[in-house]
Structures are given as C-alpha cells and as structure tokens.
Amino acid sequence: MAEFAIQTEGLTKVFRNRWSGRELTAVDDVSLRVPRGSTYGLLGPNGAGKTTFVKMLLSCAHPTAGRALVFGRDTREPEARRPIGYLPENHRFPTYLTGRHMLDFYGALSGMEPAARRRRVPELLTLVGIEERAWDLRLGKYSKGMLQRVGLAQAMMHSPRLLVLDEPSDGVDPVGRKHIRDILHSLEERGVTIFLNSHLLAEVELFCREVAIIQKGKVALSGTVEELTSGSGYKVESVAVPERLQTELRAKARSVAAQNGSLTLLYATREEANQAVDQLRANGCEIESLARSRSTLEEVFMRTVESAAGEAR
Amino acid sequence: MIATIALVQDTFREAFARRIFWGFFAACTALLLFLMFIMRVDVVAGALATVTIFGRTAPRSEELQMLVAQTQSVIAMVLYFAGMALAVFASAGLVAAVFEPGRIELLLSKPISRTHLLLGRFLGNVLVIAANILYLVIGSWIIFGLKTQIWGVGFLVSSFFTIFVFAVMLAVLVLAGVLWDSAAIGIMTTFAIMIVTPILAQRAIIERLLDSEWSRNVVRVLYYALPKTAEISVIIRHVILNQPVESWMPVWSTAIFGAVVLGTGLWLFRRRTF
Chain A
1 MAEFAIQTEG
11 LTKVFRNRWS
21 GRELTAVDDV
31 SLRVPRGSTY
41 GLLGPNGAGK
51 TTFVKMLLSC
61 AHPTAGRALV
71 FGRDTREPEA
81 RRPIGYLPEN
91 HRFPTYLTGR
101 HMLDFYGALS
111 GMEPAARRRR
121 VPELLTLVGI
131 EERAWDLRLG
141 KYSKGMLQRV
151 GLAQAMMHSP
161 RLLVLDEPSD
171 GVDPVGRKHI
181 RDILHSLEER
191 GVTIFLNSHL
201 LAEVELFCRE
211 VAIIQKGKVA
221 LSGTVEELTS
231 GSGYKVESVA
241 VPERLQTELR
251 AKARSVAAQN
261 GSLTLLYATR
271 EEANQAVDQL
281 RANGCEIESL
291 ARSRSTLEEV
301 FMRTVESAAG
311 EAR
Chain B
1 MIATIALVQD
11 TFREAFARRI
21 FWGFFAACTA
31 LLLFLMFIMR
41 VDVVAGALAT
51 VTIFGRTAPR
61 SEELQMLVAQ
71 TQSVIAMVLY
81 FAGMALAVFA
91 SAGLVAAVFE
101 PGRIELLLSK
111 PISRTHLLLG
121 RFLGNVLVIA
131 ANILYLVIGS
141 WIIFGLKTQI
151 WGVGFLVSSF
161 FTIFVFAVML
171 AVLVLAGVLW
181 DSAAIGIMTT
191 FAIMIVTPIL
201 AQRAIIERLL
211 DSEWSRNVVR
221 VLYYALPKTA
231 EISVIIRHVI
241 LNQPVESWMP
251 VWSTAIFGAV
261 VLGTGLWLFR
271 RRTF
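Top line first, the protein sequences correspond to chains A and B. Numbering of the first sequence is given in our numbering, commencing with residue 1 and proceeding in unit increments. Numbering of the second sequence is given in our numbering, commencing with residue 1 and proceeding in unit increments.
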C-alpha cells in the first residue's frame with residue numbers, strides 16, 4: 001500500500017511557443033509528498049504554477065519531465081484517477097444539466113453503477129445543502145454558491161480517497177464556507193486525503209495541517225501549519241496598566257501595542273514573560289491572555305514570497 | 001460501458017437543450033406530414049391499379065415500383081445533401097463544447113481514457129443525427145408502404161450511407177475541434193470538403209482542362225484522398241432504384257479517409273495539454 005496519497009518526482013512543465021520558440025517553465029522540478037489522510041494546502045501567488053501542477057496531477061497537462069503518482073500509480077493511467085474527486089477552479093459545468101443529472105453523469109464517468117448513483121445523488125445534494133426543489137433545476141439557474149456546492153458534491157460522488165479542490169469556497173458566503181469546512185472535516189475524519197489549492201490563506205490555515213508554498217514553479221516552503229506559524233516569543237495581554245508600570249515593562253519587551261485600554265507585550269523568552277506577569281499581578285492588573293506568539297499563515301506566505309522574489313532579483 | 005452510455009446520454013441531453021434535436025425532429029415531422037397528406041394515391045376498383053404520386057401516374061405495377069423508388073430517391077437526396085449540411089452545422093457546437101476550459105479538465109480527471117472520452121462523444125453525436133435520419137426514412141418508408149403496398153428495402157438501406165457520410169464529416173469536425181477548439185473553423189473545413197468533393201468527382205473533365213501533368217496529379221491525389229460524397233449519392237440512388245452498383249471504391253475510400261481523420265484527432269487529443 002502506498003504511503004503517500006500524492007507523490008511527485010521532479011515534476012516539470014515547460015510551455016514552448018511553437019512560433020517564437022520561447023519557453024516558460026511553469027512548474028520546475030517539484031517533488032512533493034502528501035501523506036495519506038492529510039489535509040494539504042497548496043499556496044502561491046498568481047502565476048506561480050499551482051494550477052499547472054494540479055493539472056499534471058490529474059493528467060490534464062502532460063509533464064515535460066518527472067511524474068505524478070496518486071496512491072502509488074502514475075495518473076496518466078486512467079485507473080490511477082479512480083480514487084480522485086476533483087473540483088476545478090473556474091469550472092464550467094454544463095448548464096443544460098440539472099443538479100441531479102450532473103451528479104449522475106460524473107458519477108457514471110467514475111464507473112458507478114446506476115443503482116448506486118440513484119442512492120448517492122439525493123444523499124449528497126442534501127449534504128451540501130442544495131434544497132430539494134433545486135435538484136431538478138438546470139445548473140444555468142444556480143447561483144455561484146450553489147454551483148460550488150454541487151461541484152463539491154460531484155467531487156465526492158464516487159466516495160474518492162483523495163479530494164483535489166481548487167478554490168472550493170469561491171463565491172460562497174461565510175455560512176456556506178463554514179458548512180463546506182464541516183463537510184471536509186468529516187471527510188478528513190474518515191481518512192480522505194484533502195488537497196486544497198486556494199488563495200484564501202485564512203481558509204487554508206483553518207483547515208489544512210500541512211502546506212506548500214509554490215513560487216515561480218518551485219516549492220519555496222513546505223511543512224505543517226503548526227511549524228510554519230509558530231513564533232519564538234510569548235504574548236502577554238493585560239488591561240488598566242498604570243503608566244509607570246508600562247514604562248518599566250516596555251524596557252524588556254520586544255514589541256508593545258496599546259489599544260482601547262489594553263496592553264499587549266511580546267517577550268522573547270518565557271522567563272521574561274513570567275516576570276512581566278508577576279509585575280502586573282503585583283500591581284493589581286488583570287491578565288487578559290498569555291500565549292506563545294504565532295505568525296499568521298498570511299505573514300508566513302508574504303515573507304516567503306517576498307524573500308523568493310528578493311533572491312530572484 | 002457505463003461511461004460510454006453516460007457520454008451518449010449527455011450528448012443527447014445537450015442536443016435537446018440546444019434544440020438541435022427538436023429542430024431536426026420538427027423538420028422531419030413536417031416532411032412526413034407532407035408525404036402523408038399531400039401524396040395522392042388513387043385506387044381503382046379496389047386495387048392499386050393506378051397510382052398518382054405528385055401528379056405522375058403509373059399504370060402498371062413495375063412502373064409503380066419505379067415511381068415510388070424515384071420519389072424515395074429524391075427524399076434520400078434532399079436528406080443526403082441538405083440534411084447533411086444542417087447536421088454538420090448543428091453538430092459543430094456539440095464537438096467544440098467538450099474542449100471548453102473548465103469543462104474539459106473535469107472530464108479528463110475521470111478514470112476514462114481520452115480516446116474513450118472522445119469516441120463516446122463522437123458516438124453520441126452520430127446517434128443524435130442517426131435518430132432523426134432513421135425517423136424520417138422509416139416514417140416515410142411506412143407511409144409509402146401503406147399507401148402503395150410497395151415495401152422495397154433499398155430506401156431503408158440508403159439511410160445507413162447517409163449516416164456513414166455524416167460520421168465521416170463529424171470526424172473532420174472532431175479533428176478541427178481538437179486542433180483549434182473552434183466550431184466555426186470546423187464548419188468551414190467540413191463545408192469546404194462538401195463543396196470541393198463533388199467538383200473533384202468531375203475529375204475527368206478537370207484533367208482535360210489542365211495543362212500540366214503536375215496539376216493533374218494534384219487533382220488525382222485530392223480525388224482519392226478526400227471523401228467521395230457525390231459518388232456515394234449515386235450509390236444511394238442505385239441502391240434505392242435496385243440497380244447494380246458499379247464500384248464500392250467511393251465507400252471504402254471514404255471510410256479510410258474518415259478513419260485516418262478520426263485517428264489523427266484522437267492521437268492529437270491524447271497528446272494535448274489542457
């Protein structure tokens with residue numbers, strides 16, 4: 001049994017202009033390993049090569065070099081794509097199909113028997129929150145959010161072991177996003193590997209355990225979200241701190257922020273943070289919170305992208 | 001098999017939605033109603049002693065048979081030339097739609113080969129048009145049979161030649177779709193073939209008009225390489241009129257053309273990056 005849901009080996013895609021002969025390397029020697037049952041986010045600025053990478057993973061684009069394996073099989077073999085459920089970005093689902101017909105059609109293409117499809121379609125449409133009266137409406141009448149939901153249902157139709165989702169909550173309202181996240185969490189609990197390609201960093205941070213940041217076709221950074229966002233300091237937040245004590249505390253703090261009567265201090269070590277807490281308590285100040293400082297995924301992303309751009313210059 | 005049926009069913013759904021199917025169906029129904037109510041059959045003394053079709057009267061049974069067959073061949077020719085042009089026009093969109101970005105990626109991500117995907121769509125498209133052709137041919141054959149008691153099978157057989165030539169034209173549309181993603185270029189290419197090939201059928205005359213051997217060779221190569229739509233129309237007439245067919249070369253050379261074009265389309269489709 002293959003250890004990884006997705007494994008790429010030196011995956012490279014070079015687009016050549018037939019007339020001018022100019023070349024563009026969209027994906028450059030990417031070797032990525034996505035463990036089974038993980039939730040993995042692929043991040044990168046526009047034009048970084050994310051979509052081309054996903055297309056090669058699904059065999060929509062042929063690699064110039066390297067290969068992509070899903071559960072140990074090369075995805076150029078049709079059978080290797082059977083465990084994959086895919087929701088594309090900028091999808092154009094056939095508008096002549098109804099929600100019910102769409103799931104039935106893509107389920108059939110995934111090899112599902114008619115009886116299994118008949119059972120599964122209402123189950124999934126209900127799960128993704130499409131009201132029953134809309135099941136037999138043509139997709140042309142669906143809103144963007146409904147199309148995303150039905151698209152997700154389509155990807156889940158044949159109970160895949162790997163879900164590749166390209167901007168799954170694009171056009172979905174916050175309530176819908178939460179709903180989609182809950183669905184994906186329940187799939188994760190059942191051992192489904194989820195590979196998310198998204199620009200919504202907060203979404204990825206909320207959902208994925210591991211991420212890779214791709215920049216100019218190369219993997220610039222990868223690791224668990226926990227590792228990447230963990231900081232080196234400690235954050236102490238307190239209220240109603242007297243001016244005199246503030247001056248004292250500021251002397252040792254790495255950074256200080258005061259807002260609406262609350263003071264947030266960042267210390268480099270646990271010892272310094274504990275000393276600050278002692279001082280605050282000794283002066284009768286309330287401690288609002290005490291935590292290890294963390295970077296947001298957005299900050300990590302920006303740092304990575306900017307440093308990669310700097311190196312390129 | 002499940003995937004093939006799904007692809008065929010999907011093509012029918014798209015044809016219904018684009019009203020292609022219903023447009024053809026309405027045209028065929030109109031023609032059938034015309035035959036049913038306008039075709040005058042005079043029965044004398046309780047038997048089909050004389051029959052008048054569109055004002056032409058056939059007193060004897062052999063002549064009657066010939067008259068019915070000639071009328072059927074006119075219908076077959078209308079279907080072959082005008083129906084074919086309409087079918088190509090209508091099908092171009094169905095072929096190009098598959099290559100739309102946002103749609104093709106999802107289809108390619110499914111566990112079916114690209115060859116299977118394209119052939120499934122091709123088959124669905126042929127069946128959409130075949131359903132209408134057979135509706136018209138079988139419908140008018142029954143009307144003729146009921147009115148004249150003449151049940152010659154030549155007219156029925158002719159429909160398969162029409163479907164066959166349509167399939168060859170569809171192969172051209174598929175190749176153009178794979179190469180350019182364009183319904184318009186597909187239509188232009190197919191219509192060009194449909195216009196040029198009847199001209200090439202007069203190659204004996206053309207060759208006499210040409211000065212150089214080189215240009216005569218070009219005409220010969222084009223003649224043998226391209227489908228022989230005009231010659232197949234002659235074969236259809238012969239089949240309906242129950243006359244011997246002099247040569248089947250136009251049929252098999254057209255089949256080879258179709259197979260090569262479709263094969264090239266499939267080969268390019270398998271290699272293409274989307």
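Honestly, the hints are just simulated from the structure, not real lab data. There may be inaccurate statements among the hints.
Calculated pairs, SDA-like style, for lysine to any residue (alpha carbon to alpha carbon, straight line, at most 25 Å) [said to hold, decoys possible]:
(1) A/216 with B/272
(2) A/144 with B/147
(3) A/144 with B/21
(4) A/252 with B/5
(5) A/141 with B/147
(6) A/141 with B/272
(7) A/235 with A/186
(8) A/235 with A/224
(9) A/252 with A/229
(10) A/141 with B/21
(11) A/144 with B/17
(12) A/141 with B/97
(13) A/218 with B/204
(14) A/144 with B/97
(15) A/216 with A/235
(16) A/144 with A/129
(17) A/141 with B/18
(18) A/141 with B/66
(19) B/147 with B/18
(20) A/144 with B/272
For the chain B half of the interface with chain A, some residues (derived, Cβ under 8 Å), not all of them [what the hints assert, rightly or not]:
(21) 17
(22) 105
(23) 108
(24) 179
(25) 273
The beta-carbon is built from N, C-alpha and C at its ideal position, and this holds for glycine as well.
Here is how each hint holds up against the structure:
Of the pairs offered as hints, the one joining residue 216 of chain A and residue 272 of chain B holds, with about 23 Å between alpha carbons and a cut-off of 25 Å not exceeded. Proposed proximity of residue 144 of chain A and residue 147 of chain B is contradicted: the alpha carbons are some 57 Å apart, above 25 Å. Distance hint between residue 144 of chain A and residue 21 of chain B is unfulfilled; the C-alpha atoms sit about 29 Å from each other, more than 25 Å. A threshold of 25 Å between alpha carbons decides the hint, and for residue 252 of chain A with residue 5 of chain B the separation of about 73 Å lies outside it, so the pair is violated.
Simply put, residue 141 of chain A and residue 147 of chain B have alpha-carbon atoms about 49 Å apart, too far for the 25 Å limit, and the pair is violated. As the CA atoms of residue 141 of chain A and residue 272 of chain B are separated by approximately 32 Å, the hinted pair breaks the 25 Å bound. Distance hint between residue 235 of chain A and residue 186 of chain A is unfulfilled; the C-alpha atoms sit about 33 Å from each other, more than 25 Å. As the CA atoms of residue 235 of chain A and residue 224 of chain A are separated by approximately 22 Å, the hinted pair is consistent with the 25 Å bound.
Restraint check for residue 252 of chain A and residue 229 of chain A: the C-alpha separation of about 24 Å stays at or below 25 Å, so the hint holds. This hinted pair checks out: residue 141 of chain A and residue 21 of chain B have alpha carbons roughly 22 Å apart, not beyond 25 Å. Our distance criterion of 25 Å between C-alpha atoms is met by residue 144 of chain A and residue 17 of chain B, whose separation comes to about 21 Å. Restraint check for residue 141 of chain A and residue 97 of chain B: the C-alpha separation of about 19 Å stays at or below 25 Å, so the hint holds.
Using a Cα cut-off of 25 Å, the hinted pair residue 218 of chain A and residue 204 of chain B is violated, with the two alpha carbons roughly 64 Å apart. Between residue 144 of chain A and residue 97 of chain B, the direct Cα distance comes to roughly 21 Å. Compliance with the 25 Å bound is thereby established for this hinted pair. For a cut-off of 25 Å, the pair hint linking residue 216 of chain A to residue 235 of chain A is broken: about 35 Å separates their Cα positions. Our distance criterion of 25 Å between C-alpha atoms is met by residue 144 of chain A and residue 129 of chain A, whose separation comes to about 14 Å.
For the suggested pair residue 141 of chain A and residue 18 of chain B, the alpha carbons sit about 16 Å apart, so the restraint of at most 25 Å is met. Distance hint between residue 141 of chain A and residue 66 of chain B is unfulfilled; the C-alpha atoms sit about 55 Å from each other, more than 25 Å. For a cut-off of 25 Å, the pair hint linking residue 147 of chain B to residue 18 of chain B is broken: about 36 Å separates their Cα positions. At roughly 30 Å between alpha-carbon atoms, residue 144 of chain A and residue 272 of chain B are farther apart than 25 Å, so this suggested pair is violated.
The closest approach between the C-beta of residue 17 of chain B and any C-beta of chain A is roughly 3 Å, which is under the 8 Å cut-off, so the hint is satisfied. Using the Cβ-Cβ criterion of 8 Å, the hint placing residue 105 of chain B at the interface with chain A is satisfied: the shortest such distance is roughly 5 Å. Nearest Cβ of chain A to the Cβ of residue 108 of chain B: about 5 Å, under the 8 Å cut. The hint holds. Against a cut-off of 8 Å between C-beta atoms, the interface hint on residue 179 of chain B is violated, since the closest Cβ of chain A lies about 12 Å away.
Proximity of residue 273 of chain B to chain A holds as hinted, the smallest CB-CB distance being about 4 Å (cut-off 8 Å).
The structure shown violates the earlier hints numbered 2, 3, 4, 5, 6, 7, 13, 15, 18, 19, 20 and 24.
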